[in-house]
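**Q** Protein chains in written order, with the numbering used here: chain L, 710 to 879; chain G, 710 to 879; chain F, 710 to 879; chain Y, 710 to 879; chain E, 710 to 879; chain X, 710 to 879.
Treat the hints with caution; some may be incorrect.
The calculated DSS-like cross-link candidates involving lysine-lysine, where the alpha carbons are at most 27 Å apart (straight line), are [said to hold, decoys possible]: (1) X:K777 <-> E:K831; (2) E:K786 <-> Y:K804; (3) G:K716 <-> X:K831; (4) L:K831 <-> G:K804; (5) F:K777 <-> L:K804; (6) G:K786 <-> L:K831; (7) L:K804 <-> L:K786; (8) Y:K777 <-> F:K831; (9) E:K804 <-> E:K786; (10) F:K786 <-> L:K804; (11) X:K786 <-> G:K716; (12) X:K831 <-> E:K804; (13) F:K777 <-> Y:K786; (14) X:K846 <-> X:K716; (15) L:K804 <-> F:K831; (16) G:K846 <-> G:K804; (17) X:K804 <-> G:K804; (18) F:K786 <-> L:K716; (19) Y:K716 <-> E:K716; (20) E:K777 <-> X:K831; (21) X:K716 <-> G:K786; (22) E:K804 <-> Y:K786; (23) L:K786 <-> F:K804; (24) E:K831 <-> X:K831; (25) E:K716 <-> E:K831; (26) E:K804 <-> Y:K777; (27) F:K804 <-> Y:K831; (28) Y:K804 <-> E:K831.
To spell it out: a stretch of chain F is covered by chain Y in this simulated footprint if at least three of its residues, at any positions, have a beta carbon under 8 Å from a beta carbon of chain Y; those stretches are [claimed, not checked]: (29) 735 to 742; (30) 749 to 757; (31) 768 to 778.
Simulated from the structure, these hints should not be mistaken for lab results.
All residues carry an ideal CB built from backbone N, CA and C; glycine is no exception.
6 protein chains.
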Amino acid sequence: MSSLPSKTPQQTEVIMTELVLPNDTNMLNNLLGGRLMHWIDIAAALAARRHAGRICVTASVDEISFDKPLHLGDVIKLYACVNRAFRTSMEVGVKTTRVEDDGEVVANTAYLTFVALDDDRKPMPVAALIPQTEDEKRRFDEAGMRREARLRHRENIHTLREQLHSSHGE
Amino acid sequence: MSSLPSKTPQQTEVIMTELVLPNDTNMLNNLLGGRLMHWIDIAAALAARRHAGRICVTASVDEISFDKPLHLGDVIKLYACVNRAFRTSMEVGVKTTRVEDDGEVVANTAYLTFVALDDDRKPMPVAALIPQTEDEKRRFDEAGMRREARLRHRENIHTLREQLHSSHGE
Amino acid sequence: MSSLPSKTPQQTEVIMTELVLPNDTNMLNNLLGGRLMHWIDIAAALAARRHAGRICVTASVDEISFDKPLHLGDVIKLYACVNRAFRTSMEVGVKTTRVEDDGEVVANTAYLTFVALDDDRKPMPVAALIPQTEDEKRRFDEAGMRREARLRHRENIHTLREQLHSSHGE
Amino acid sequence: MSSLPSKTPQQTEVIMTELVLPNDTNMLNNLLGGRLMHWIDIAAALAARRHAGRICVTASVDEISFDKPLHLGDVIKLYACVNRAFRTSMEVGVKTTRVEDDGEVVANTAYLTFVALDDDRKPMPVAALIPQTEDEKRRFDEAGMRREARLRHRENIHTLREQLHSSHGE
Amino acid sequence: MSSLPSKTPQQTEVIMTELVLPNDTNMLNNLLGGRLMHWIDIAAALAARRHAGRICVTASVDEISFDKPLHLGDVIKLYACVNRAFRTSMEVGVKTTRVEDDGEVVANTAYLTFVALDDDRKPMPVAALIPQTEDEKRRFDEAGMRREARLRHRENIHTLREQLHSSHGE
Amino acid sequence: MSSLPSKTPQQTEVIMTELVLPNDTNMLNNLLGGRLMHWIDIAAALAARRHAGRICVTASVDEISFDKPLHLGDVIKLYACVNRAFRTSMEVGVKTTRVEDDGEVVANTAYLTFVALDDDRKPMPVAALIPQTEDEKRRFDEAGMRREARLRHRENIHTLREQLHSSHGE
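Can you make the complete structure from the sequences, with help from the hints?
**A** The structure is reproduced here in structure tokens:
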């Protein structure tokens, strides 16, 4: 872990508001998945940059689930926040809501991993992230679980492929 | 499973070629993550549509890993293919390559889940997908593993949140 | 004034975060004025909509002053808020800042007038806006001054044109 | 005033024609205010550049009033022209019309201030603008009135803020 | 030929001015061919619409020759004009120039064929176009030559294909 | 002809798949001609680049005929292929189809000429293209006919203009 001064999740928060215009929709008048992903990616990159103090690039999209469709004319808000910092990478969570007259409805949750780049565009260590609230601690723990699940899954896939190769004499 | 005639993965294949233009890049002259996600989403949606014979919507992005950066001026190809059909959903795999003078280099692999919609925009059953080649069978098996890992992970998260709630007396 | 329940300026606030990408710049690598105006217009329209609970359309842009140039790669934030409600129109103020590592710098201030539309797309009365804080009261007063200055200026222009017409015997 | 050869307003005129496409509209099928502002800004910047012979940047938008809504499929024309040159700045007027089968209807009038930049991107003196026709002279005079009204208004705002500060002991 | 009142080429003229922004360029900082074609197509469609008084659709692009490259930051003008009306179709010529400080340089000439649509979106007869000036008459004649050359060429291609088919016993 | 190793047409083939989104349509919900031209231009430029191994620029659009309208929601495929290589230029053919459930329908055929650029952005010789199949040979021959027809037509136009000039004493 870097010797940089640690931060809290709240210090990394980024809020975006977007209006779904015709340019953003498909032929069902729904928000294009790829357009939402673009907004999620930008919001998450900015949250990572607030943590790292450097330009950050997307290493992976770990999970985006589209729970509620978003439509032409909807006002949507994106809340991005670093959930956990590892050595050179950070998990960022992005919650997307649809703004109604009487509040907001969660439409989508996304988790992405970002890496901070040094001047030679190589990954560089980032500061520690110290969760403060109960909710921040839960998200910190879940980020760890997601990471473990990913590593375990990759190992399983690797084993499967090895077996296939050996059974085929490759 | 629906009584529709089954298909093979190859029958669902979609090929896209894109040139990375200034409009697609960030201030490092790298392809914007969100732009690539948009292309991946379109290619995957079209592959799902070829399988289902219906308009399909993105249910989730399960994994996108950015292994090689893509740059201004790069020619990239996307190969999308349905890996496995479940009852109303399909896993689509998208491989992105950078075209070099002497061949193609894999830059990115993505897995997304799509759902076919009936005329009332409700999820509807899709035809079976029957893998033919060794490679198609491997992708079919891995799609099952990804699905299981996702379900297991969701359960773990659910258990963690339950524990948090009970320990707080909520 | 309408009999709708009044609101406070804070209840109308809209926050947008944007990253200046190549697509948004001119050949000096500065943010295009027109692109910034588009973001200002959207943020202001959403603030007006929060106040009126209806879709609102831009009646006029009353003042936008570009004090600091914004550049490729800058992270900018827009804060929009209704300053004052008249009978069917609202003045919205939008402050644009550039996000630096150690805080935000104001780059731009804009004032726009919006009108709420009823189902026949005719202007309709809006609720009262009751400023609470010192700052909100100042903005409320300044909105009145801007309106008066505008009306007075229009009258002067009108008089000038009348004089021209009469001196030319038209 | 610079020693550059003076120009007439007509020598600075820029004409743009645009077709309102779906990409340019909101969910009411009206032209987006921000899109029109972008076109106005480009037309005005080009008129300023014709006068100054240099790249010019937007210093302020002084007034845009949206008198008639513009719709999907409308053909619109923009006429931009420098109204008056000050020392390093220029007022540009932009008239927007909707083209009908039997003529054009004025939909919008805008006034913007531009500044010419030298090679170090500092404001530089511009040539004199000598109005020729009655109409050009009227626009020249009105530009002066707008400028005065702006300066007077800024002073009033300044006074108000001073009073607020002193009454609060700041 | 329709019984509609005839028009002159000049009555159909459309002038567009565009600034080449980063969004419009390729990785050589040249204007994208496809972007220029888009502008040419819009300008030509509007000229055809001025002649026909109806929405017109592109039937063919007959010739576009790119004589001078256009670059980031260039100001370009497009002049579109109907050259000749046939029964239901019109040839539109579009000249593209680069605006220099001391005049304009022709960068590109394009010829397109448009068809006017009736309310059922079927081709409908258009009014006669009566050239007035020497230049308009030359363009009228050349439009006829282009049409003849196209028809002759299509016949040659047809003959070639027939020969191929018969020599292969098809 | 260059001493570079020759290629076959198939080695230059580029396949693009596009979905017609609202952003790509006009007010009739038809694909914009200019948007299709942009896709055709990109596909053709990439095919030329595959042949030449260099960045290529559009020299001319020789013919695009729009035989079938394309609509919002259509899936379209573009097949680009070099038809014939001349000394420094190449003719590229692009076929556009609409993908139906039971196959593809040809909507459009286009022929463009590209030039390969050396490091000083001057035209440079390209390798020979050796057609293999009957179909490739036919396209090779037709490319020659198109070129001849173009040259003959230019000569005719040139003669016409000379006559006009002399008859006017210019």
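**Q** Now tell me, hint by hint, if it's right for this structure.
**A** Status of each hint after checking the structure:
1. In summary, the hint linking K777 (chain X) to K831 (chain E) is supported, as the alpha carbons are separated by about 13 Å, within the 27 Å threshold.
2. For the given pair, K786 (chain E) sits about 19 Å from K804 (chain Y) by alpha-carbon distance, which is consistent with the 27 Å threshold.
3. For the suggested pair K716 (chain G) and K831 (chain X), the alpha carbons sit about 50 Å apart, so the restraint of at most 27 Å is broken.
4. Distance hint between K831 (chain L) and K804 (chain G) is fulfilled; the C-alpha atoms sit about 24 Å from each other, no more than 27 Å.
5. The hinted pair formed by K777 (chain F) and K804 (chain L) fails the criterion: a straight-line CA distance of about 32 Å is larger than 27 Å.
6. About 26 Å separates the Cα atoms of K786 (chain G) and K831 (chain L), which keeps this hinted pair within 27 Å; it holds.
7. Of the pairs offered as hints, the one joining K804 (chain L) and K786 (chain L) holds, with about 8 Å between alpha carbons and a cut-off of 27 Å not exceeded.
8. This hinted pair checks out: K777 (chain Y) and K831 (chain F) have alpha carbons roughly 13 Å apart, not beyond 27 Å.
9. For the proposed pair K804 (chain E) and K786 (chain E), the alpha carbon gap of about 8 Å is at most 27 Å, so the pair holds.
10. A C-alpha spacing of about 19 Å is found between K786 (chain F) and K804 (chain L), which places the hinted pair at or below 27 Å, so the restraint holds.
11. For a cut-off of 27 Å, the pair hint linking K786 (chain X) to K716 (chain G) stands: about 21 Å separates their Cα positions.
12. A distance of roughly 25 Å separates the Cα atoms of K831 (chain X) and K804 (chain E); the hinted pair therefore holds under the 27 Å criterion.
13. At most 27 Å may separate the alpha-carbon atoms for a hinted pair to count; K777 (chain F) and K786 (chain Y) exceed this at roughly 31 Å.
14. A distance of roughly 14 Å separates the Cα atoms of K846 (chain X) and K716 (chain X); the hinted pair therefore holds under the 27 Å criterion.
15. For the hint pairing K804 (chain L) with K831 (chain F), the CA-to-CA distance comes to about 36 Å; that exceeds 27 Å, so the pair is violated.
16. Among the hinted pairs, K846 (chain G) with K804 (chain G) is consistent with the structure: their alpha-carbon atoms are about 17 Å apart, no more than 27 Å.
17. Restraint check: the Cα-Cα separation between K804 (chain X) and K804 (chain G) comes to about 25 Å, which is no more than 27 Å; the hinted pair holds.
18. Only pairs whose Cα atoms come within 27 Å are accepted, and K786 (chain F) paired with K716 (chain L) is accepted, the gap being roughly 21 Å.
19. The hinted pair formed by K716 (chain Y) and K716 (chain E) fails the criterion: a straight-line CA distance of about 36 Å is larger than 27 Å.
20. The suggested pairing of K777 (chain E) with K831 (chain X) holds, with an alpha-carbon distance near 13 Å, which does not exceed 27 Å.
21. Among the hinted pairs, K716 (chain X) with K786 (chain G) is consistent with the structure: their alpha-carbon atoms are about 21 Å apart, no more than 27 Å.
22. This hinted pair checks out: K804 (chain E) and K786 (chain Y) have alpha carbons roughly 19 Å apart, not beyond 27 Å.
23. Restraint check for K786 (chain L) and K804 (chain F): satisfied, since their Cα atoms lie roughly 19 Å apart, inside the 27 Å limit.
24. Taken as a hint, the K831 (chain E) and K831 (chain X) pair is broken in the structure, with Cα atoms around 46 Å apart against an allowance of 27 Å.
25. At roughly 22 Å between alpha-carbon atoms, K716 (chain E) and K831 (chain E) fall within 27 Å of each other, so this suggested pair holds.
26. Only pairs whose Cα atoms come within 27 Å are accepted, and K804 (chain E) paired with K777 (chain Y) is rejected, the gap being roughly 32 Å.
27. The suggested pairing of K804 (chain F) with K831 (chain Y) holds, with an alpha-carbon distance near 24 Å, which does not exceed 27 Å.
28. With a C-alpha separation of about 36 Å, the suggested pair K804 (chain Y) and K831 (chain E) falls outside the 27 Å cut-off, and the hint is violated.
29. With a cut-off of 8 Å between beta carbons, the segment 735 to 742 of chain F has 5 residues touching chain Y; three or more are needed, and the interface restraint holds.
30. Check result for the segment 749 to 757 of chain F against chain Y: holds, 4 residues qualifying (beta carbon to beta carbon below 8 Å, three or more required).
31. Only residues whose beta carbon comes within less than 8 Å of a beta carbon in chain Y count, and the segment 768 to 778 of chain F has 9; three or more means the coverage holds.
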